[in-house]
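So you can see what is in the structure, the chains are spelled out below.
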Amino acid sequence: MNIETEKFLQWHKQEQDKGLIDIKFFPGHDVDRSTQEDFFRELNLIVAAKEAGKIVERPDVF
Amino acid sequence: MNDQTSFENHVRPIDVVLIARDVIQEYQKRTGEPIEFPVPILNGGILDTISTVANIDTIDVECLKWPGDIIKGCVARYQNKDSKASIWYSSSLNTCWSRFVICKEAAHLLIGDDKNYTTDPVALVNGLIDQIPPGVDEAIDAENLALYCAMELLIPKVSRDALYKMENEGLSDYEIAYELKVPEQLITVRLNPQMRKFLDDAHDNLAL
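Those protein sequence lines, which keep their order, are chains X and E.
Everything in the first sequence is counted per the working numbering, starting at 1 for the first residue and increasing by one.
Everything in the second sequence is counted per the working numbering, starting at 1001 for the first residue and increasing by one.
What the hints contain is simulated information worked out from the structure, not anything from laboratory work.
Wrong hints could be hidden among the right ones.
As the list claims (entries may be wrong) - Which stretches of chain E does chain X cover? Using the computed rule of at least three CB atoms under 8 Å from a CB of chain X, they are:
#: 1; region: 1020–1032
#: 2; region: 1035–1046
#: 3; region: 1067–1077
#: 4; region: 1099–1113
#: 5; region: 1157–1169
#: 6; region: 1188–1201
Unchecked claim - Simulated DEER-style distance windows between Cβ atoms:
#: 7; chain 1: E; residue 1: Asp-1015; chain 2: X; residue 2: Glu-6; range: 30 to 38 Å
#: 8; chain 1: X; residue 1: Lys-54; chain 2: E; residue 2: Glu-1169; range: 26 to 34 Å
#: 9; chain 1: E; residue 1: Leu-1206; chain 2: X; residue 2: Lys-18; range: 20 to 28 Å
Where a beta carbon is used, it is the ideal one built from N, C-alpha and C, also for glycine.
Model the full structure from these sequences, guided by the hints.
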């Protein structure tokens, strides 16, 4: 069973209900060595960080 | 996902060059100043102009803590009564990569429409993992087009002379990248003979 994939798709559906119309990704260096589950695992980390409000201050990025 | 049948994308690389040109011109009109280098993105930089050109009410940019090995960043676009987009990038990225990732994800907002929106995230992810060639799926092709667009936003035509001058003076790709605050690989791609010819022809022939 693709636990991470299913977890993300559940979030995706919830967000579609809130008006999400598009989502795109910038692949990292390891993307071609990863599996679908690896990808969605990292995506779920992004969603978790966002929902936890764990924002990193980056004054160097302008 | 298209069933592996080749097609012509409705957005072409030349369209992307024109879109980036519009953003830079609109930025200069808004600020009343020529664009400076490194190109400013946040805090009144080109992201505000992208918001106007893409007709999106709000674009939030957040740096979040995740490894970034498989995904450097992502963008989610919402349309309700108001339009909104969120760009997230990994805290593992350095300054130059962060700027590039933000720009590339913002480029999706400029070139995105209902023909290349992601309707099937699993198909998109597998397309990215398998690195399927252009002409198979518009959502995947949009990744390459967004890369072109980000390159044109961060190294616009008005910086071309300065770029080639630095190259002619013998600066390495890394040194040029450091000046423009972009990833070294972006300079390598921009100075590649094929890319240089395509962009120089586009700039000159379209009087950009």
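Results for each hint:
no.: 1; hint: 1020–1032; verdict: violated (count 0)
no.: 2; hint: 1035–1046; verdict: holds (count 6)
no.: 3; hint: 1067–1077; verdict: holds (count 11)
no.: 4; hint: 1099–1113; verdict: holds (count 7)
no.: 5; hint: 1157–1169; verdict: violated (count 0)
no.: 6; hint: 1188–1201; verdict: violated (count 0)
no.: 7; hint: Asp-1015/E to Glu-6/X: 30 to 38 Å; verdict: 37 Å, holds
no.: 8; hint: Lys-54/X to Glu-1169/E: 26 to 34 Å; verdict: 43 Å, violated
no.: 9; hint: Leu-1206/E to Lys-18/X: 20 to 28 Å; verdict: 40 Å, violated
The structure fails hints 1, 5, 6, 8 and 9 (numbered hints given earlier, in ascending order).
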